[in-house]
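Participant: Position chain U against the provided structure of chain A, taking the given hints into account.
Protein chains in written order, with numbering that gives the first Met the number 0: chain A, 0 to 190; chain U, 0 to 583.
Heads up, some of the hints might be wrong.
Here are some, though not all, of the chain U residues that point toward chain A, as calculated from beta-carbon distances under 10 Å [unchecked claim]:
#1 Thr164
#2 His168
#3 Cys246
#4 Glu270
#5 Leu274
#6 Ser332
#7 Met446
#8 Gln450
#9 Arg549
Distance condition first, Cα-Cα at most 25 Å in a straight line; then the derived BS3-like pairs of lysine-lysine [said to hold, decoys possible]:
#10 U/Lys294 <-> U/Lys358
#11 U/Lys356 <-> U/Lys541
#12 A/Lys165 <-> U/Lys5
#13 U/Lys355 <-> U/Lys179
#14 A/Lys91 <-> A/Lys165
#15 A/Lys3 <-> A/Lys160
#16 U/Lys355 <-> A/Lys160
#17 U/Lys189 <-> U/Lys5
#18 A/Lys3 <-> U/Lys5
Keep in mind the hints are simulated off the structure, nothing from the lab.
For clarity, every value in this text was computed on a predicted model and none was experimentally measured.
Virtual Cβ for every residue (Gly too), placed ideally from N, Cα, C.
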Amino acid sequence: MNDKITSVILSGVGGQGVLLAARILSEAALRAGMDVKSSEVHGMSQRGGSVLAQVRFGPRVFSSLTPAGTGDFLVALEELEALRYRGMIRNKGGIIVLRHRIFPSPVTSGNAVYPEGALDLLRDEGYAVSAVEMDEIVKLGNIRFANIFLLGVLAARLEIKDEIWKDVVTAAVPEKFQEKNRIAFEKGMEK
Amino acid sequence: MSDIQKTILLSGNEAVARGAWEAGVLLGTGYPGTPSSEILENLKDYPGLRAQGCVNEKVSLEVAAGASWAGARVLVTMKHVGLNVAADPLFTLAYTGVKGGLVLVVADDPGLHSSQNEQDSRHYARAAKLPMLEPSDSREALEMVKLGFSISEEFDIPVLLRLTTRVSHSRTVVIPGERKESAIPLAYSKDPKKQVMIPAYGRMRHRSLEERLDRLALYAEDTPLNRVEEGSGESGIITAGISYQYCKEVAPDAAYLKLGMVYPLPKQTIEDFCLKNKDTIIVEELDSFLESEIKAQAMTVTGKRPEYRLGELNPDRVRDILEGRPESPAVPSEITMRPPVMCAGCPHRGVFAVLKKMKLFVTGDIGCYTLGTLPPLSALDTCLCMGAGVSMSEGFRTVLPEDSRNKVVAVIGDSTFIHSGITSLIDVAYNGNGGVVIILDNSTTAMTGRQDHPATGKNLSGEITNRVNLEEICRGAGVRRVKVINPYDLAGMESYLNQSLGLSEPTVIIARAPCIFLTRGEERHPYRVIADVCVACERCLKTGCPALIRLPDGKVEIEEELCTGCGVCEQVCLVEAIVGGGKQ
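With the rest of the complex left out, here is chain A (with noise of 0.2 Å):
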């Protein structure tokens, strides 16, 4: 029966807006007249740490937590935490993610090493990976945008009405962002 599950992994860093990619992933699921159970772990997220939410939707969904390796989608805003949640998603599994490095403390201290070749990996582990540039993104005239960005080549991918991603891309933002998240999103769809 979970065959029927769609489960999403979105994955950042504190205040890339993981979380409202997430809530605006779950309302569409909503309105597209699905169960929906989401999940997000805030409290150390606005201080840099890394940022994990799931969101699961179907015909009826009991846990909010997704088993691993069985995740459809991962949708991350940075490349580590793309390789850090990828062993939630199922062999072959979508991950889009944005050629974005965001050195955690122990690289900008110069204990670690930030991993090369972080897509390649990803693609030679068998996931489809779509990346996305940050050029894209930095057209669109603010980095902030690359949430909405990432959650339309998402939305491209699964089968919720476009009607349905413009009204709740729309209402999740205050109305001086909206037209340009409409943008943002739309670029992503295209994709």
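Facilitator: Then chain U, alone, in the frame of chain A:
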């Protein structure tokens, strides 16, 4: 389709707030603490009630008790360790009972996402002899809060509602309802045998409590909170809370006894369920609470292996429990950790840089500044509970010989000081032999999401109210040496510490500068590094500022986007390689 339109997605915390509003709550009280903080923040936005952050959890429960005895329905919220603070009124409130319904929400944190322990608050239900409800998702949370108020009034008893991090912070579908006002008139009544717990009346109320618990045990047999779900296999599962959802995920076809009321337990229902199954497995997070209760009624059931008492459960661990497997050994991740850090520009950083430089022993407390224990700062040496930094420093100083005694310094945040540091400071002045207490005053409760508190002069709704003057509180406690210092002035801090450490009278240093989140958006003057001057000594990196990037050659670069221009790195640099900050 019409049903779908009526549903909304709420977190467990939002659902509790919604349920309390629908139940006609007039007052919500509590003290912020992850994962419970968002309950009151959401409740305050509903009409027809007042929600307030109180000084601490004990005060929250006592204010709530008064309002309840005046007839109002009251919600009280706190995290698990907060219930320890509120335990004193709680145990006797079980004796006295309530008038308006009183539901106390306690949010446990299995896995210690943001806590100092992972205590299982279900033990409080048994110890204080109180009914406890435990929802497994937001929909149940909303319904159980409402039912909790009815149970509270019907049985004349406070009701505990236990959440866990995953219930508090998961969003699931709920069906919102309308608010129904309580019919209980608001008035005080003189009823000493119920409201004045002198020994003679306390004895009577203890007897009454046992009778109320007996009636609740009967109620537990009939309530829809506890339900049996038929299954197709030979095994049955008894579970509660979030564990129920994990079980259903991995064993959807098993028979279930799903307990929504985890104390007192429905013994007959449990016996009937166990006797029907070839094997009955108990699945519960943290302690083996249900297991020991059920085994005590002489039922043969299978519990979990001891390793599963540690940490959060999840579908994978639950599958292992159901199949009787030992926990698979944790594989250390090869991925570089990304620990939380003090923000760039955090006013605590400079203080810790000084304390570290002076090689002091720092008794710490609960808040963002607890992160000062992590490398590279590594400058905070104890963390026990709210307020303990101050009182533990007194204990250290009382028994240590003089040379090491004068190396002990306490740090405590402003909100934590208000919560339970004031009593500690009074004791330092009363029983202690001097010592320095540093109040890290960033004018907010930063760790839990920047709530106001009595020393900010604003209440939960952001309205201006009385502001506690920290200097006067300290002087009133008996401390004559009270000094406000700019925490970004490292030399000033070091100099005053040197003057104060050896004194036989206590000193309070109020290191005062706002949390950077309170001044975000204001003009910044970032620093930069002159690469030719930098000698790659890494002194600045030892402050642990996330805006400092170590380059491959050991020299440092400052990330302009992050730098607030606080100047701590400039002050620790010996070669004047760091410039800017609006000075040039």
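Participant: If you test the structure against every hint from before, which numbers come out violated?
Facilitator: 4, 5, 8, 10, 13, 14, 16, 17
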